[in-house]
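Student: Based on the hints, put chain G in the right spot on chain R.
Protein sequences appear in the order of chains R and G. Heads up: the first sequence is residues 901 to 1275, going by the numbering used here. Heads up: the second sequence is residues 165 to 416, going by the numbering used here.
Where hints are given, some of them may not hold.
[Unchecked claim] Chain R is faced by these chain G residues, among others (derived, beta-carbon under 10 angstroms):
{"no.": "1", "residue": "I237"}
{"no.": "2", "residue": "D261"}
{"no.": "3", "residue": "H271"}
{"no.": "4", "residue": "N274"}
{"no.": "5", "residue": "N390"}
{"no.": "6", "residue": "R393"}
[As the list claims (entries may be wrong)] Have a look at the derived ranges for each label pair, beta carbon to beta carbon:
{"no.": "7", "chain 1": "G", "residue 1": "E221", "chain 2": "R", "residue 2": "R1128", "range": "26 to 32 angstroms"}
{"no.": "8", "chain 1": "R", "residue 1": "F1107", "chain 2": "G", "residue 2": "P317", "range": "35 to 41 angstroms"}
{"no.": "9", "chain 1": "G", "residue 1": "K241", "chain 2": "R", "residue 2": "R1246", "range": "39 to 45 angstroms"}
{"no.": "10", "chain 1": "R", "residue 1": "A1083", "chain 2": "G", "residue 2": "Q249", "range": "54 to 60 angstroms"}
{"no.": "11", "chain 1": "G", "residue 1": "E364", "chain 2": "R", "residue 2": "L922", "range": "16 to 22 angstroms"}
{"no.": "12", "chain 1": "R", "residue 1": "A1012", "chain 2": "G", "residue 2": "K187", "range": "49 to 55 angstroms"}
[Said to hold, decoys possible] The list that follows gives simulated cross-link-like pairs (lysine-lysine, DSSO-like), each with its CA atoms no further than 30 angstroms apart:
{"no.": "13", "chain 1": "R", "residue 1": "K1140", "chain 2": "G", "residue 2": "K284"}
{"no.": "14", "chain 1": "G", "residue 1": "K307", "chain 2": "G", "residue 2": "K363"}
{"no.": "15", "chain 1": "R", "residue 1": "K1140", "chain 2": "G", "residue 2": "K191"}
{"no.": "16", "chain 1": "R", "residue 1": "K1029", "chain 2": "G", "residue 2": "K241"}
Since the hints were derived computationally from the structure, they do not count as laboratory data. Every residue, glycine too, gets a C-beta built ideally from N, C-alpha and C.
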Amino acid sequence: MGKMNSKLKFSKTTKSNMITYLIVAVAFVAVKILLAGGHMSSLMEGLLVPLCIYVMLAVSLNLTVGILGELSLGHAGFMCVGAFAGAFFSKCMKGAMPDGLRFLIAMVIGAAVAGAFGILIGIPVLRLKGDYLAIVTLAFGEIIKNLVNVLYIGRDGEGFHFSMKDSISLHLGEDGEVLINGAQGITGTPHDASFTVGIILILISLFVILNLINSRDGRAIMSIRDNRIAAESVGINITKYKLMAFSISAAIAGVAGVLYAHNLSTLTALPKNFGYNMSIMILVYVVLGGIGNIRGSIISAVILTLLPELLRGLSDYRMLIYAVILIVMMLFNWSPKAIDWKERVREKYFSGWKGRKGAAGQVSEGVLSKGKGGK
Amino acid sequence: MTLLDVKNLTISFGGLRAVDDFKLSIKQGQLYGLIGPNGAGKTTVFNLLTGVYKPNEGIIKLGDRDITGLKTIEINKAGIARTFQNIRLFKELSVLDNVKVGLHNHHHYNTLEGIFRLPKYFRVEKEMDEKAMELLKVFDLDKEAGYQAANLPYGKQRKLEIARALATEPKLLLLDEPAAGMNPNETGELMDTIRFVQKEFGMTILLIEHDMKLVSGICEELTVLNFGRILTQGKTADVLNDPQVITAYLGE
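Looking at chain R on its own, in the form it has when it is part of the complex (with noise of 0.2 angstroms):
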């Protein structure tokens, strides 16, 4: 590390996010030449867009565990609220304006509840030494998912019905038609989710978080994380950083429920995709990647959705194989032995080059040379 020179400091975090963007860039190459190519197999066709969800979920689950140091287990919580949101506005708005733009707008509408959702949990919680907003958070999403099933909304020529007992109850007129319905969730969303806009997507998470991480803002809020006493004492407001990281968080899980929505034709909230089982594993897939590590998330999530299917041929033995592969993932990630052995590997082999760490060294290089000089 002492030999390192000033240009390498300099770059290295921008470097690893390079490779970040990169990795996502090659990633889509590829799959384009598999797909025209006729390579893909339907199965892993259809699994594409859920896989680009499952990223985002991951990569902003880790700006909440990874960057804030808060334990969140409600993420799919934000993202059903996304969803519905999101749904909801396509739904009503089908056919009243161009598609692409219909489907963009949706995209900000679920970002904006889902971040809002955020604040409005944050705002009591965020205040709280301790896990409270596990806690909370897992609730959160309990409640989230059975609220939307007993939520019905409708419309006719006089405008919205809401209810929350049953369709007949909206008391819709002859020209009426039911946008939410209960436990049966919203039909007929239109079908806009691609790879290409997953992909996009994913871009722009990264783009917003790595951005945000190596800021003014990402060094609060990674100040609170390291000691939050002592990031009170240099004058960092915790309350409002916390709630800037958790919200950001929030509102790409519910731009990821609003792309779910709209890969598939209908949408319900189930204990399969909204509920705290969901919440876990895209916690398992950020801690499996490495708390803070973003690079790590959207590995271990591709890797962690596709091995169910890569593994189906073994039938009986699919989850046996799947639960020793992620116990084996962890102690490969955080063991210290093995933390150990990949730094003899990176400095034998890929000497200069160390894994990023938080935002560590990020020192512009006319300052550092400048420091040498000055000695």
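Tutor: Here is chain G on its own, set in the frame of chain R:
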């Protein structure tokens, strides 16, 4: 000119009067020491001055401003910065970033300018880098700027904490046992650094310390606390020769 003026400061935890009727007056540019046996309430005084605890009674004035009962971040903005007895660095951040967090409230650009990397982002970040490197150089930490803070040796971690506190551009610097855990060489070096900060930055410094060599070497005036109460206050030489103080430290 009096910079810090504390009168009648009192706080109780349950039935225990941790700090009782504390008073203190520090002049601009002074290097002041707060000493006393373990559990005398020294750190509690620091926590009161920085708003971690709210006093039950008393007034704290910084310059002309009454800062009693303000929140920690407001007190920092008003001009008091501190270090901690048990080092509290941002461990995963780089040495440079630790100082840049300290500069946070003096160099602004908004979130969108940061995310979209607008010109202001680059300009302000450059300013911050330069300012931070300047401070690091004062503490001979400039070569370690890119290190993760947790990887610094102990003595340098202490120095980094002081650099971070100074980055917030305080009027008054509170040092909580800066020499704790240091060997005599490091302590000597630290004394020079503290004197340097006092002179070069024109800083007013209040420090808690157990190391008598350090205290007698650099502090101009002392306050001795014992069981939450002031035992004696005055010029360093007079205080250290006070029989009461010797008794408090060594017993009857």
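Student: With reference to the structure, classify each hint as holding or not holding.
Tutor: To see whether the hints hold, each was checked on the structure:
Interface hint status for I237 (chain G): upheld, as the beta-carbon distance to the closest one in chain R is roughly 5 angstroms, under 10 angstroms. A cut of 10 angstroms between beta carbons decides the hint on D261 (chain G): the least distance to chain R is about 6 angstroms, and the hint holds. Annotation: interface hint on H271 (chain G) holds; nearest CB of chain R at approximately 7 angstroms, less than 10 angstroms. Annotation: interface hint on N274 (chain G) holds; nearest CB of chain R at approximately 8 angstroms, less than 10 angstroms.
A distance limit of 10 angstroms between C-beta atoms decides the matter here; for N390 (chain G) the minimum to chain R is near 27 angstroms, and the interface restraint is violated. Hint on R393 (chain G) is violated. Least Cβ distance to chain R is approximately 27 angstroms, over the 10 angstroms limit. Checked against the given bound of 26 to 32 angstroms, the beta carbons of E221 (chain G) and R1128 (chain R), roughly 28 angstroms apart, stay inside it. A hinted range of 35 to 41 angstroms for the beta carbons of F1107 (chain R) and P317 (chain G) is consistent with their spacing of about 38 angstroms.
Our hint of 39 to 45 angstroms for K241 (chain G) and R1246 (chain R) holds, since their Cβ atoms are close to 42 angstroms apart. The hint said 54 to 60 angstroms for the Cβ distance between A1083 (chain R) and Q249 (chain G), and at roughly 58 angstroms that hint holds. For E364 (chain G) and L922 (chain R), the hinted distance range of 16 to 22 angstroms is not satisfied, since their beta carbons lie about 46 angstroms from each other. A hinted range of 49 to 55 angstroms for the beta carbons of A1012 (chain R) and K187 (chain G) is consistent with their spacing of about 54 angstroms.
A C-alpha spacing of about 22 angstroms is found between K1140 (chain R) and K284 (chain G), which places the hinted pair at or below 30 angstroms, so the restraint holds. Between K307 (chain G) and K363 (chain G) the CA atoms are separated by roughly 24 angstroms; this keeps the pair inside 30 angstroms, and the hint holds. Straight-line distance between C-alpha atoms of K1140 (chain R) and K191 (chain G) comes to about 35 angstroms, which puts the hinted pair past the 30 angstroms bound. At roughly 23 angstroms between alpha-carbon atoms, K1029 (chain R) and K241 (chain G) fall within 30 angstroms of each other, so this suggested pair holds.
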